[in-house]
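Based on these hints, arrange chain B on the given structure of chain A.
Chains as they are written, first to last, in this note's numbering: chain A, 1 to 515; chain B, 1 to 1044.
Take these hints with a grain of salt, some might be off.
The following label-pair restraints were derived from C-beta to C-beta distances [unchecked claim]: (1) Asp222/B - Gly211/A: 45 to 53 Å; (2) Gly42/A - Glu1041/B: 32 to 40 Å; (3) Gly549/B - Leu404/A: 50 to 58 Å.
If you're looking for bench data, these hints aren't it; they were derived computationally from the structure.
A virtual CB, placed ideally from N, CA and C, is assigned to each residue, including glycine.
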Amino acid sequence: MSTLLCLAEALAASASLIWLVPLLPFIAAVIIGLRLAAGVAGDDAEPATVAVARGAALGVLVLLSAIVLGALGATVPGLVSHGEWMDVQGIQVPISFTVDTLSLSVACVVAFIGWATLHFAAAYLHREPGFHRFFLGLCLLLAGMLLLVLAGNAVVAFVGWELCGISSWMLIGFADERPTATGNALFGFITNRIGDAGFLLGIGLSFWWLGSVEWSTVAAGDIPETVKARLLALGFVTAALAKSAQLPFTPWIARALEGPTPSSAVYYGAVMVHAGVYLLLRCEPLLLQVPDMMAALALAGAATAIHAWLCGRVQTDVKTALLYATVSHVGLMVMACGLGWFALAHVYLLLHALWRGYQFLLAPSYLQLAPSRPAPLPQWLAGNAFLYTAALQRFWIDRVAHGLLTRPTLTLGRDVREFDDQVLDRLIGAPREATQSAKEGRAEPVQGNGVAGRALLRLSDLLQGFETRLVLEGEGGAAARLLHRLGVALKAIEALLEQPRYLMLMVMATFVVII
Amino acid sequence: MHPADDNSSSLHERVAAWVRHLEHVLPAQAPIRNFVHHNTLHGLQHLTFPAALAEAARISGARPWLDEVQSRALHAAGRIDDSDLNAALDELRLDGGAGLAGLDECLPGFPALRRRDVLRALLTHDTCPPGPAKQQWLQDEGRLDTALWAACACLEEIPATAAGAVDGALASLLEAIYPQTPQVAAWQQEARMLWSALVARVGSEWTLSSLLLRLTGENVFDTVRPLLIRHLSSHLDLGMAAWHNPARGQGFYAAWRQSAGVDLGWELDELVAARDEIAALPTDPVETIGRELMHLGPSEAHWGDYLERLALELPGWSGMFLWRDQHPQYAGSDVPVAMADYLAVRLVLERLHCEDLVRRTWALPLFLSELGDHFLAHPAELWVRHAFFAGLLEEAPASEAQRLIAAEQAADAEWQRLANAAARTPVVSKNARWSCYLLAQALALSPAALQAAGREGADALLAETRRLDSHQRGYVWLLAYERHYRQQIFAALAANHGRSRENQAPAAQLVFCMDDREEGTRRHLEEINPAVETFGAAGFFGVPMYWRGMDDTMPTALCPVVVTPANEVCEHADDAAGLALHQRRRALRLAWKERLHRATRDSLLAGPLMTLLGAPLAAGAMALQTLAPAWLGERLERWRSAFDQSPATHAAVSVPADGAAKEPAGTSPRAGFSDSEQIERVAGFLRSIGLTERFAPLIVIVGHGSNSANNPHLAAYDCGACSGRHGGPNARVFAVMANRPEIRAGVAAHGIVIPDATWFLGAEHNTGDESITWYDTAVLPPTHQAAFASLCKDFDEATQRHAIERCRRFASAPHNPSADDARRHLVGRRHDWSQARPELGHATVAVAFIGRRSMSRGAFFDRRSFLISYDPLADAAGHVLEATLLAAGPVGAGIALEYYFSTVDNERFGCGTKIMHNLAGLMGVMEGASSDLRTGLPRQMIEIHEAMRLLVVIEQTREVVTAIYARQPPLRELIGNGWIIVAVKEPESGAIHRFDPAAGWLPWRPDDGAASSAVPGVPVAANSAAWLGAHREPLPPALLEVPA
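Looking at chain A on its own, in the form it has when it is part of the complex (with noise of 0.2 Å):
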């Protein structure tokens, strides 16, 4: 009887280690990044990958079984604060974890189609040059998954929420010789910068009126003034929005089918679409006190799952079939949500999440698994061109998103590049001007236009001079062999930072640092 009571004590314990169960994931990524870097290829290297991915996957399934058990024994723990992470004139951000039962459930759901994916994707995958990278993505993802659901804070969420756009991002692209392949993936990764957007209003609007990020503070929202309720909800509603593809965000998941079957099932059937709906769960307290809100989440959801709907009817490959279907069940999920049924839309999420991974991984033999063909549309329905062609070209939405968005964009990056052509490159002494000078047969390569330019011309003299001597002229040119050596370690860097991915990496860290 003591060793179960005992057993018991541990596993009540076990919720205090809450923080490796994203942790572990996260580690498992920088290893096969680091493993990526040192280079490795080929067959043999790929087992220690997978070993790695899918035992973190492992250990994260039996720690939160363990937990879960702990939890049924007692009551949950509620939150599980693990010291500051950061102070901001008085307000503190905690490392800090909820463990309740929506964040607990989601987690296991989580792991669980993760450690079968990773399973999946180590034969699937065998022999292809992306095979590390992928394991990598998907390692991230699991981590920003479990980091986002688990989270105590909206601040810590946040963190999970871009470990998860950028994994999504990194995996669209996963085929990066295919142009179509890259934009779309582009294309993802902007959207959802509009999500993100939101989700910091939130924060910094938590920040300001509540003094705490803690979802326990934000979630229940407890603001007096409506307008103020509604700004907050409104950033985390947006983000969920974005995250979950309802309209008017769409088209974006419609264009991210173009990762390796694994990812799709992982991505954009079981887990990470449903992002949203759990970050609508999690703000449950404070969407009920703004009516208003609910009614426009539950018109988003049911209009984006009668849209989805439609422009399911019209998919002839199986993958965008199958990804309308998820859009249009999520919605159907918002929708719950707006109508206040937010136990329904819990378990819904739950129980549609593993079927449309099982679905999405099953996506190549559906010519066998359902080979009728599907049941006639009422014929006043089937029968009208013009919602026929609205709906195979999804109602036109990505096409005005690229006329409200990208154009604009690109104009923009025009003119700011005509002002650095005209303005900023005539203040510094612009090096466009030397075909010029050297036609008219000037001595000088690089002639300096304005104050900033004479002197920057006067700066490279010197460094020039600097050179000639320390360098070129050196006893035996050690010094130009140091150069040198550096020179090829610098490339190396560029070389790196070169590829996007990379940069976009430390595009991150930073803005994680900054927060």
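Positioned in the frame of chain A, the structure of chain B alone reads:
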């Protein structure tokens, strides 16, 4: 007749002719559930092999030869040696290879250097000059052999273009544009020539969008592709979508017009007038084709080429459209599919978007003449734009050019200034010196020797570097690669001649499919029980039929794709009550499965409910799949059959009593085979495989098929002779026929007396997990039970050993597995959802033997040979051989060539990696959600394939084969054009001759030149297992010391 009518009718004819021509250039792959191997370049089969490959490279930009780096690796690994290369060079010379005369002469200035050695060094070493940056680096870093480098100095004076090492297309363009180093004054002249040169390529080589791409960097096709694919895929869809264009029944052009006419996307893309234009289009697609071509502006002589270019921008979808055009009513579809519809839509889209691009860029209407006038006035702009997008500008001018191109309005003066500045950049090339230097290094020439040879010698060396073009190089490598393996095969055949004796009282005879995957099974079976005899034949066993299994809703043709069966055979349950129960149960199970998979996708209301039901099952399935795929797979199969309760069945082979009088009506098949048909089939088949006497008590006909989970290319692993289906029913039907006393009596009248003590049995071998299904064992006479039990034991043992043999080629299989481990591994592969390589298919095929089994029995051929049984002694006139060649030749060639092309350029000829594949319209796979339909084989299927043509060795005299060759045009095409290599082994003497289309029969000699009966160099091993050892790489043939 009105002249206009005349005109339009001739246009109709011309369009029809162009569409017919497209058959030669577009992939001809059927929808994926009917995947059957065929020659990827089937449309070019009328050309000789090298010519067809060069043509394919020209029209598709693919590389039809193995990558030279890989060839060099094969050379380094000893899979190709110098004697092979020498022989290949000789063969190329015989083929009329230009400039290959005098291979054994010495190079001027080098008394010890034969041209052959130079050419070989050029093949086995990379002598392409490095890029300018690397050249500089090599020189600066002191990585050069300075003495040798200095000795090459005399070549510095050669003009840059003479080095000829630049990429072919670019070089010719460069030469056209820059006769010499560009000069300031010259660019204006060049610009004027440039425009006419560019325009001349529109139609013959380019579409208008390709031209615009080269001037604006914007690819119109990138915009058109997703729009077009949505419509195309919806029109061709075979049952994925529930909602299709309401006007689908009127054809693609009409349907597209209706949908595009209400598409708001035109306005969003700022193509404001497009909708009106679409409304004003002629209703006749052919008329539209004529109008649009006129507008787009290629010269009328090139209209057909222009359409070909357009179709080739999306070869997979175009090919599928054409295939459906040629196969109306495929799978019961009543959707009209006409290629002209597709071309008309494609042209309209091309024109609308090109028009938009030209308007946005130059504010001009879309007319080549207007553009020409513009560039006549602004030559600098043309020159800069072209040079920039062709990558000819250096960094500084390139960034300036980019700025000008991006700017909304750039003054002519700016273009001119840039052109002046950029054109002056001198192009200095040391390529000639580099080529010479690298070649000298490869030949290990001393600086002194090079110096001594002087300028003349260096020029001679350089001349050799230009001797072979890229196609000839690829061909030489292929010839050498094929020869190396061929020598080993011939040596093994010669050494094996006369080794195996005929067994006068065989214990059992098994007839397998000719499939290379059965070679291993047969070898092991014969090793285990020397009293067993095996045969091979095309896997429909001479019984072309429609088969309707007990659970099938539609009959399936089980025969080669080129044959249309006249008879239909149904599988009937023995007991009606059992059948009713089975059908109820099965319908229930399928309905729920369908409901789960469909409703969760199709329905907003039932979907959530079904999801709630399905989720626990899905979670369980995922967990078990992850932990124990084989266990789950086998358990599911067992549960399924336990639930379905399949009753015992029989195949209704004969014409039903009441239907005897019914004659075949039109194309609809007749139920069952009449007795005379059955006699004909059985006797004909037995004669064709040479089984006319010495019948064993038990004769098993073994069809084959393969099962795998989660695999869109499922059909590619099945029996090619049964249209990519399982061949078990054919085996079963044949056995039933041959067991009928009436039939045996009739067969005896043909001179084939089957003793009463002989019993035929049908079976199906699963090449995936090595399992076997025996048919109709319930009616096996008691007298044969013992023999059957013993055969089952042998067969089981053989598949165990074969499983071990197969595991060596799987990277994830255990090393040196036990028989149990090996079998378990194969079962796991078959059931594993995540397994992209459930089995390796025909990946190892290289050779086909047509002759008695004694030819190859007792030798190890590494699962690389088709084995087709044929008795040469009973076929002096060659009629049996003729039929066999006509049936098996194209099938074998199709398989080998599809593997060849998918291997050499998997991106263009194959379908890339499986992991991105997305099943589209139930007819093919795309990458992602809006790519071309991918045809050919996925990368996972060809990884271990050795790309060479099929070598067919026929056991027959040269005279008989020559006569057949002379009277059969299809064989003349296949053999005479070099799509397969044919050799004969004389039945009596065992002498081997290879057929060369140009030179005739060439006697084979082993590599050391000694023409003797004792063939050296063929290894001998105790048995297969001993020869396999722990090797995982392809193994050469060997003789096995088994009692034969």
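Each hint, compared with the structure:
no. : hint                            : in the structure
1   : Asp222/B - Gly211/A: 45 to 53 Å : holds, 51 Å
2   : Gly42/A - Glu1041/B: 32 to 40 Å : holds, 38 Å
3   : Gly549/B - Leu404/A: 50 to 58 Å : holds, 57 Å
In this structure, every one of the numbered hints holds.
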